[in-house]
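Engineer: Could you put together the complete structure from these sequences and hints?
Protein chains in written order, with UniProt numbering: chain A, 1 to 355; chain B, 1 to 352.
When the alpha-carbon atoms are kept at most 20 Å apart in a straight line, the in silico EDC-like pairs for lysine to aspartate or glutamate are as follows:
| # | chain 1 | residue 1 | chain 2 | residue 2 |
| --- | --- | --- | --- | --- |
| 1 | B | K186 | A | D163 |
| 2 | A | K171 | B | E159 |
| 3 | B | K24 | A | D318 |
| 4 | B | K82 | A | D318 |
| 5 | B | K186 | B | E352 |
| 6 | B | K100 | B | D120 |
Hints listed in this document are in silico derivations from the structure and should not be mistaken for laboratory results. What you are looking at is a predicted structure, and each value in this text was computed from that prediction instead of being measured.
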Amino acid sequence: MALIRIVKRQEPLGWGSCFVLIAAVALSVLLGGAILAIGGTPPVHGIVTLFQGAFGSRWALEDALIKATPIFLCSLGVAVAFRLQVWNIGAEGQYAMGAVGATWIALSFPGAPAWLLLPGMIAAAMAAGGCWGFIPGFLRQRLRTNEIIATLMMNYIAILFLDYLVYGVWKDPASFGFPMTPVFSDQAIIGRIGATSFSWGLTHCLLLGVAVWAFMRFTRLGYEIKVGGDNVRAARYAGIPYDRLVMLVMALSGALAGWAGFLEASSTINRLQPSIMAGYGYTAIVVAWLARLNPLAIGVAAFLLAGLRVGVEGLQLDLQVPAAFGGMIEGLILLTVLAGGLFTRYRFAFKRRLP
Amino acid sequence: MRFVGLCAAVLLAVGLCFSSAAAKELQVGFVYVSPVGDAGWSFAHDKGRLVIEEMDGVTTSFVEAVAEGPDSERVMLNMARKGYDLIFATSFGYMDPMLKVAKQFPDTVFMHCSGFKTADNMGTYFGRMYQARYLSGMVAGAMSKSNTLGYVAAFPIPEVIRGINAFALGARAVNPEATVRVVWTKTWYDPATEKEAAKSLLDVGADVIAQHQDSPGPQEAAQEKGVYSIGYNSDMTQFAPKAHLTAPIWNWGPFYIETVKQVMDGSWQSASVWPGLAEGTVDLAPISDVVPQEVRDQVMAKKAAIIAGEEVFTGPINDQSGAEKVAAGTAMTDEELLGMTWFVQGVIGTTE
Chain A
1 MALIRIVKRQ EPLGWGSCFV LIAAVALSVL LGGAILAIGG TPPVHGIVTL
51 FQGAFGSRWA LEDALIKATP IFLCSLGVAV AFRLQVWNIG AEGQYAMGAV
101 GATWIALSFP GAPAWLLLPG MIAAAMAAGG CWGFIPGFLR QRLRTNEIIA
151 TLMMNYIAIL FLDYLVYGVW KDPASFGFPM TPVFSDQAII GRIGATSFSW
201 GLTHCLLLGV AVWAFMRFTR LGYEIKVGGD NVRAARYAGI PYDRLVMLVM
251 ALSGALAGWA GFLEASSTIN RLQPSIMAGY GYTAIVVAWL ARLNPLAIGV
301 AAFLLAGLRV GVEGLQLDLQ VPAAFGGMIE GLILLTVLAG GLFTRYRFAF
351 KRRLP
Chain B
1 MRFVGLCAAV LLAVGLCFSS AAAKELQVGF VYVSPVGDAG WSFAHDKGRL
51 VIEEMDGVTT SFVEAVAEGP DSERVMLNMA RKGYDLIFAT SFGYMDPMLK
101 VAKQFPDTVF MHCSGFKTAD NMGTYFGRMY QARYLSGMVA GAMSKSNTLG
151 YVAAFPIPEV IRGINAFALG ARAVNPEATV RVVWTKTWYD PATEKEAAKS
201 LLDVGADVIA QHQDSPGPQE AAQEKGVYSI GYNSDMTQFA PKAHLTAPIW
251 NWGPFYIETV KQVMDGSWQS ASVWPGLAEG TVDLAPISDV VPQEVRDQVM
301 AKKAAIIAGE EVFTGPINDQ SGAEKVAAGT AMTDEELLGM TWFVQGVIGT
351 TE
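Structural biologist: So, in structure tokens, the structure goes:
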């Protein structure tokens with residue numbers, strides 16, 4: 001009788017983990033096909049349409065990349081906090097505050113030149129988002145509040161604050177009473193790169209991605225974050241200022257989400273309105289976990305998830321599959337990939353006979 | 001990234017088998033803000049879509065649950081790229097995205113519902129739902145014993161405020177003591193939140209619940225409490241058979257048929273159109289048997305008068321403070337109605 005034991009791997013799986021990932025995604029696609037078949041859609045045709053809509057043309061790739069931008073930045077932010085084992089669920093609110101901060105500058109100084117206005121908007125967005133992250137970090141270390149609950153609740157405050165502004169003091173007088181600010185002046189809008197449909201915001205993502213990677217890899221603070229994340233007591237014993245680290249990481253996390261809010265307001269919507277809240281802050285958490293907090297992998301995961309959402313729209317249009325299918329596939333992928341993590345961290349030892 | 005490459009290869013191979021030859025039919029696309037199964041706003045538009053689907057030479061499709069903002073822009077862009085000839089977008093937040101897409105595709109006809117911006121190839125349309133709301137208000141006012149009517153409302157935007165005002169005017173026309181209490185949910189579609197909001201109105205003594213929401217949640221709350229309710233969007237009798245009195249409803253079929261015909265014969269022109277009871281775009285669902293015959297007759301008489309040209313928002317109309325906003329004998333212009341941000345006398349609540 002063969003017994004199977006689950007044993008923790010001593011060495012990382014290396015390229016094998018890539019195979020596990022592919023197998024996991026393939027399994028979720030297979031299950032997705034089964035769901036399609038139950039719903040009465042030809043499964044192969046459906047899956048093909050899905051991927052064609054997501055990655056099968058230049059447009060599709062562009063669309064996916066554009067949609068991935070805010071998700072990537074928010075995810076980068078939460079990943080930094082998660083690395084320290086601080087659970088920042090508040091990217092959504094920090095993103096909202098970032099958009100508010102950027103809008104405040106854009107509406108206050110519409111005539112300023114772009115080279116002054118855009119950095120000003122970024123600074124305000126980072127400050128507002130960073131503050132929104134810092135507060136729960138501060139409360140956690142000083143008053144021992146639970147940061148999951150604090151960040152989650154502060155999301156609602158931020159969104160209601162945004163609503164208050166666009167329904168009230170910032171409402172465009174020419175909007176017939178609809179909740180939206182006036183369109184930003186041209187200097188406050190990030191333009192597109194040449195003739196493509198990409199905004200310069202994409203370059204921000206690249207730079208910030210590299211910066212965060214380098215920060216975590218090469219700086220002392222980055223090292224301290226990793227140590228603090230692995231073992232708080234050891235970190236404190238080694239003289240690492242853990243409390244300050246938590247607040248710093250929360251502020252950094254919020255600032256990155258705030259930057260995403262700035263990009264969305266400036267380059268995509270060109271104004272502030274309630275529909276800027278599209279749930280990126282929550283998607284970011286899924287992406288960060290799928291990518292195991294690695295900046296490059298976050299880029300890939302954000303792109304794949306964004307592509308999936310784009311592809312589901314094509315699937316709806318061509319084959320009339322309900323919108324809910326997108327959410328189901330997304331859930332399946334998360335489930336299979338996380339379950340696949342079992343195989344990368346543990347191995348299965350077969351025992352032929354009992355001792 | 002390997003995975004992407006693999007998929008791309010599979011796609012290329014299989015995709016070729018499925019590229020279908022396009023017949024020269026008029027392709028009509030719809031963009032909806034909520035799932036079509038909501039029994040509400042999108043459901044009503046989709047019933048209109050199914051009507052034009054039956055027409056010769058027309059194929060239709062739709063994308064549901066599309067978030068306002070950049071997502072909607074992408075969806076419309078892809079419809080235009082795929083060669084759709086006529087695109088309907090049925091939520092206010094689709095206005096600016098549609099305008100952007102319309103500029104890039106001058107040969108495609110775009111129709112936006114509930115906004116105010118147009119372009120050479122983009123028209124805007126809406127229905128005078130406030131006319132039917134006035135009639136439903138008459139029913140509610142007549143059936144209330146506590147003289148408190150509850151109104152579960154989505155967002156404080158002119159469309160919703162206009163509807164609440166019309167409802168209040170109708171109720172007070174038959175019952176001068178009636179007041180309308182408003183609760184904002186800040187959502188178009190959230191069955192649980194809407195139901196909770198309705199319960200809060202029931203707790204302050206409302207005995208008829210009306211709604212500007214897309215789910216039947218408020219209807220259920222009214223039914224459970226044993227009071228009456230007024231639906232919205234479509235006839236919601238099946239969700240609350242005892243409570244449901246009537247509902248102001250959408251009937252987009254005739255308007256969509258007309259638009260498709262215009263696009264087919266080339267006579268379509270960009271315009272801002274606002275059809276109402278007279279055109280059949282809005283209507284009142286059949287009135288429940290519990291409503292006395294004389295009330296029903298009164299409502300039907302008013303309906304005939306509105307169809308004949310009577311204006312719902314005709315003075316004297318006072319605001320909440322009692323100050324006269326519209327002088328006796330004058331009717332509010334369409335401009336004024338589209339930008340309405342104040343409540344009439346008898347409404348309890350704020351527009352913020």
